[in-house]
Each structure stands twice: as structure tokens, then as C-alpha cells.
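Using the hints, position chain D against chain X.
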Amino acid sequence: MTEKMTTRERFKKIMNFEKPDRLLWTEDPFEETIIRWIHEGLPIDQVLQTDYDIGWNGSIYQVLPMPHTLDISNYFGFIPICPPGRETIVLDLCPIPRHVPKILKETEDKILLRDPLGGKLEHRKLDYTMPHFCEFPVKSMKDWQETKKRLDPKDPRRYPKDYTREQYIELFDETTTPTSLVLSGFYAFGRGVMGTAAFTPVFYTDPDLAYDMMNFYADFLINVIREIVETLKSRIDWVYWWEDMACGTGPNISPKVFKEFILPNLKKVTGFLNKNNIDIIIMDCDGDFRPLLPLLWEGGIRGLWPLEVNAGIDAVELRKQYGKKWRLGGNIDKRVLTEGKEAIKNEIDKKIPILKEEGGYIPGLDHSIPPNVSLKNFEFYAEYLKSLLDY
Amino acid sequence: MSQDQLAHRLVSSFEQIEYHQVKELVKTMLDTNIPSDDILRTMQKGMVAIGEKYEKGEYYLSELMGAAETFKSVMVDLTPHLSKKNISHTGIVVLGTVKGDIHEIGKNLFKTLLQSSGFQVHDLGVDVSPERFVEEINKRNPDILAISSLLTTTMNQNDLVIKQLKKNRLRNRVKIIIGGNAITEEFGREIGADAALRDAMLGANICVKWAKEWAK
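First to last, the protein sequences are chains X and D.
So in this note's numbering, spot 367 of the first sequence is number 367, and the numbers just go up one at a time.
So in this note's numbering, spot 180 of the second sequence is number 180, and the numbers just go up one at a time.
Chain X on its own, in the form it takes in the complex (with noise of 0.2 angstroms):
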């Protein structure tokens, strides 16, 4: 069958709260829950996405195929959040040069590690779950300097090595898949460096570090994104702002907090984007992050995904609150996806007719979808959403 509109137009139609032939549909699974999969019966053919890239890190002169990621997009019919691939931009944000990583103690079953970041992290050997990280590289303003050397703008190896002006150009006229800037935001820079524990109450317990910190990560920031951003402009469809500062019982910084130390520099961020065409920008954020939603938009923010529903985020509500205002995304409760056929269906019922009407809405569920979900399960939840999506 022809497909009327590229995913790339149907994705800016959405985002103006415009009708496209069929709403497309996002997931971000955990690789852990694939792994299950594959165990289950998901064939692993279909999902090991195989790129051709020059061999051995550019030492040999040979393109070979290399397995680069388990990728079950294709498989199921849905976009991944940010597409593995050049049309989505993502610019080394962290220390160059990486710190060497170090086994600093090792046991039957763990592993701890001094991390590339320059902390300290325990894996267990055989999982794919998340490390425990215990140790932060900055825990003082003294660590911080030492962090700032490492965080140069303008050394070239924050960027794609077949970046060029020209190159990139022709790619984003060309694709049809819609393209995306990933950054990471001023919470996701702070907790990243610090760890939420120390990081959450910096701004009372050494605010002379939380206001540097929050000026330096703006102004670096907008120094890296600057060459791509000017050369690209309006290309760039959206930007993905990683987030995540929220928790269920409310947002992990107060309006004031934001207000203080993160809305200036965000709106300075944000401000060089929009004065280069580029207005389509969604924040990820887990937990309820509502108190802090006008702030949000004052500061740029227009979109946002997952939503939680374990948080208490509905995003029918959300429309209802504030009309055709916010692009919305995820928000089907990923708990029904372990409780059955039943309530998987009521989930999907309850939100999708009415959200595909209002529009500027892009379904899927509200968090990664985690391993404890059946191939079973998912395949059952696809099935029913795609045949509300008129795919």
C-alpha cells in the first residue's frame, strides 16, 4: 500500500495541531525487556539493527557491518522517541577527555568501577539494569573547576565525525524521518554531575555552586549546539529536553528553585533556539512535574512526554486544562501492560479516541517499557493501538 505522508509530515502535522493521514505511535523499550523478548519468541533477526561504518574505531580502511543496537521499531510499527540515526543530533555534552574507566573491585557477582564521568559505579555482571552509582565526580565547588576544564565547547570531538556543513544540509532536506537536537537540561546537567541526592538541595546547601553550575551548563551549551543550530535552523523539526526532575509526589525542585537558578538560563537556551527557527521543544520528564508547568513555558518548554499516570499526570486533562497549547506524548499507563488483555484495553479506550481528536498528541505508554512485560502482552497492546491509529 502507498503511505500517503512521509512519518516526517505526519509528525509536523501533529505537532501543529494539525490532522495527518494516521497518528504515529512512540516507544522507548529497555533492552532488558527485549532480551526477554527474544527469549519469548521475538525473532532476533528482524530486531539487530546492523550498521556499515568504517572498522575498528576508523583504524583500517574497511566499512564493515557492525551489530549497533537492538532496534524493534520496525518490527512493531512505531517510531523510537529519538530514531538511532543522523537525523537525530547528538553532540557529545560530557567531559572530553573521558576519564578512563577502572575496575576499582570486583566479586562474584559485581563489578565497581571508576566511570568514564569520573565516579564511581557497581554493576552487577549479568544485568542490564541500571548501575548503583556511588560516587559523583563533583561533591564541591573544587571538584566543579576541575570538572569545567573538561567541559570545552568548542573542542571539535563534540561532534558527529561526518559532520560538515554541506553533508548535513543535504541529509535534512532529504530525510523523511523527522529530525531531532538531544539535549540534556539544567536538572538532568546538575543531578548527572552531582547525583540527586546531592545535587536536589545544592541550592540551599551551596548556592554559590548551584548558580555556576546553572550559568556555566547555558552558556556551554549554547556554544556547542551553536554550529549545527545556525546551519541547520528551522531542519531540525524538535528538540528533545531530557529532563527527568520530577518524582511521583511532586517535582524535585520548587517553582521558587526553578524560578531562581534554572528559568533565566533556560529561556537563554531556548531564546537561541527559537531566534533560529527552532520552536518544537519537548521535555522528557517522568513523575509530576505540573507546579512547575508555566514556568515550563515561560521558559520555551512546549511539549511533553511520558506523563506519568503513576504520578497522577492524565493527558486528557491536560488538554482539557489548557486547550491546544501543549504537545503531548505517552501517557498509557504501562502497569496494565502486566494485568491482561482487558485492561490494557480499557487504558488505550479511555485516552485515544478523544486525544486523536483534539490532536497535537503522540501516543504511547508513559515510561520505557519495563522487562517485567510479556512479548504476549506487548504484542497485544500494539495490535489494539494500532487499529485506533488507522495504520
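Hints are not guaranteed to be accurate.
[Said to hold, decoys possible] Taking lysine-lysine pairs in the DSBU-like style, the calculated list, with each CA pair at most 30 angstroms apart, reads: (1) 233(X) - 275(X); (2) 99(D) - 125(X); (3) 72(D) - 148(X); (4) 139(D) - 110(X); (5) 120(X) - 142(X); (6) 72(D) - 120(X); (7) 259(X) - 233(X); (8) 99(D) - 102(X); (9) 56(D) - 259(X); (10) 259(X) - 23(D); (11) 259(X) - 163(D); (12) 99(D) - 105(X); (13) 163(D) - 125(X); (14) 256(X) - 139(D); (15) 139(X) - 149(X); (16) 325(X) - 56(D); (17) 320(X) - 45(D); (18) 376(X) - 212(D); (19) 27(D) - 142(X); (20) 139(X) - 102(X); (21) 139(X) - 72(D); (22) 53(D) - 259(X); (23) 259(X) - 45(D); (24) 139(X) - 23(D); (25) 139(X) - 53(D).
Treat the hints as calculated values from the structure; they're not laboratory data.
Structure of chain D alone, referenced to chain X:
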């Protein structure tokens, strides 16, 4: 400045979470020979005020954790001055994050909130097996067992801990409170916990309420 004036300023400063100011005030109070247990009681009053602001929605996690860090830091300065007989224990709590789960921010905040209310807390850390919880209950004879789990995939471990307690005839020796992002009251009831919450502050308030009932 009189002791009352200093105490008033300490509560007010603590309520505003002025970390350095609070530390300075405590130092001044110690230097002017104000009894350390009086200072501790003043700090506890401040912590109650913070909790009230949090419950009213005026404060958020950043303020709660800022206050907890301030309290912890003051306790480092204050503890050497507290004589053992002056350290009143509201109750004994054994606390840990369940097996397979390594999240500890909520657990650690809950621990500080309990300590600021006078509880003696034995923190077993993260990834704690049901057998280890049983072992510690036998060893510490706590009033409360507090179990933490963040993930939907690990919340069933709470059930396994309670089953292990029942198997060892320990269930009726302790109150059990479970907490974490995925926890619901319904789940708590199903597995036989005495309280089930997602909010560390509300959880600490329940423990204080239990302790008050025991003290009657």
C-alpha cells in the same frame, strides 16, 4: 542575645533553610553554653515547621532535602556535646531498600526525617534480601521495619519480606511501613503492611504517630 532570642532566630533561619546561617547560630549557641539538648529540641521544632510547609505545598523535595542536609550537618557539630542520657530515642527502626533495587534517595531522606524526630535508625542500605531483614529484626528488636522500593518490578519484594517475617514468627513484633514511587495503599493492604506511602514526610509522620501511641 538571650537563649530564647537565639532559639527563635534558629527556628526562623532553619525554616528558611539558611544552611550556613543555621550552622553559625548553632555554633554561637554552643559557645554561649546553651545546653545541646535544648538546641536539638529547637532544631526539631524547625524540622516540624518544614514538614508543615511541605504538606501545605509551600515546600518541595529541594527544600525538604535542603533542610535534611542542614539538620544532618548540625548534628555532626552537636553530637559530641550530647550526653548519651540526653539522646532520647522515640523508637528503633530497621530500614532498607529491597533486593534487586538500588534506589536510596527516598530511603535516605526518610532516615534523616526519622532521626530528626528522635528515632534510632539502623540503615541496611540497598539491595537487601528478605533473609537479611529477618536477621536484623532478630538482632535489633526494632519497633518499626521500614522497607523501600522504587520500581514496579521490585515492589513485590515487599511481599516476600513480610512473608519471610511471618515464616519466622516475627510479623507481630514490628510495625511495618513500606514506601516508594510505585507503592499504593491498596498494595500495602494486600501484602499486610501497616502503612504504605510514596511520600517520605508523610511516612515519618506516621512513625511519629505510632511512637506517640506507644508512649501513652
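Between residue 72(D) and residue 120(X), does the CA-CA distance stay at or below 30 angstroms? Within the cut-off at roughly 24 angstroms; holds.
Check whether the Cα positions of residue 259(X) and residue 163(D) lie no farther apart than 30 angstroms. Answer violated: residue 259(X) to residue 163(D) is near 47 angstroms, above 30 angstroms.
Given the proposed pairing of residue 139(X) with residue 72(D), does the C-alpha separation stay at or below 30 angstroms? Measuring from Cα to Cα gives roughly 16 angstroms; hence the hint holds.
Decide if the proposed pair is consistent with the structure: residue 99(D) and residue 105(X), CA atoms, cutoff 30 angstroms inclusive. 21 angstroms, holds
Is it true that the CA of residue 256(X) sits at most 30 angstroms from the CA of residue 139(D)? Distance of about 45 angstroms is beyond 30 angstroms: violated.
Is it true that the CA of residue 163(D) sits at most 30 angstroms from the CA of residue 125(X)? 29 angstroms, holds
Residue 56(D) and residue 259(X) were given as a pair; does the straight-line alpha-carbon distance stay at or below 30 angstroms? 20 angstroms, holds
Pair hint residue 320(X) and residue 45(D), alpha-carbon separation not exceeding 30 angstroms: Not satisfied, since the Cα-Cα distance of roughly 42 angstroms exceeds 30 angstroms.
Please work out if residue 99(D) and residue 125(X) have their alpha carbons no farther apart than 30 angstroms. At roughly 16 angstroms apart (the allowed maximum being 30 angstroms), residue 125(X) and residue 99(D) satisfy the hint.
Is residue 139(X) within 30 angstroms of residue 53(D), Cα to Cα? Judged against 30 angstroms, a Cα distance of about 28 angstroms means the pair holds.
Taken at face value, is the distance from the CA of residue 142(X) to the CA of residue 27(D) at most 30 angstroms? 25 angstroms, holds
Distance restraint between residue 53(D) and residue 259(X), which requires alpha-carbon spacing of 30 angstroms or less: Holds, at about 19 angstroms.
In terms of the numbered hints stated before, the structure departs from hints 11, 14, 17 and 18, listed from lowest to highest.
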